[in-house]
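*Asks:* Sequence:
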Amino acid sequence: MQLTMLKSKLHRACVTHAVIFIQVHQRRLESFRLLFFQGRIGSRIISVNGAAAHKANPDDRIIICTYTTLEEQEAKAFKPSLVYLDENNRVTGTGEKIAVQAA
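Under numbering that gives the first Met the number 0, the residues of the sequence shown are numbered 0 to 102, in order.
Just so you know, these hints were derived from the structure itself, not from any lab. Mixed in with the good hints, there may be bad ones.
To be verified - Straight line, CA to CA, 20 Å or less: simulated SDA-like cross-link-like pairs of lysine to any residue:
1) 75 to 97
2) 6 to 77
3) 75 to 65
4) 96 to 65
5) 6 to 67
Please model the entire structure based on the sequences and the hints provided.
*Replies:* Here it is, written out as structure tokens:
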């Protein structure tokens, strides 16, 4: 059986840019196109692009997650990579499990 698991998380990342891209391509207008760019290492830029930019503004705090699919045996030993950020997107801590929170 395959399970979908949290692979990594950037916790409380601070949005630095929010941009809606408009691109003209072969006689049709494509707006709200979601594009991913790899920033410079150490730049601490968190840019929300495309349609998602309607929901985010600079200085908003967001959580960015990635997921992976694993076989049940792999999932038992798997540990996600958790990265905690401050208001300037500097790493304040890391972890491998999410703390239990009381409701």
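*Asks:* Each hint needs a verdict: does it hold in this structure or not?
*Replies:* A quick look at each hint next to the structure:
Taking the CA atoms of residue 75 and residue 97, the gap is near 15 Å; set against the 20 Å cutoff, the hint holds. Taking the CA atoms of residue 6 and residue 77, the gap is near 9 Å; set against the 20 Å cutoff, the hint holds. With a C-alpha separation of about 18 Å, the suggested pairing of residue 75 with residue 65 holds against the 20 Å cut-off. For the hint pairing residue 96 with residue 65, the CA-to-CA distance comes to about 14 Å; that is within 20 Å, so the pair holds.
For the given pair, residue 6 sits about 6 Å from residue 67 by alpha-carbon distance, which is consistent with the 20 Å threshold.
Consistency with the previously given hints is maintained throughout, with no hint failing.
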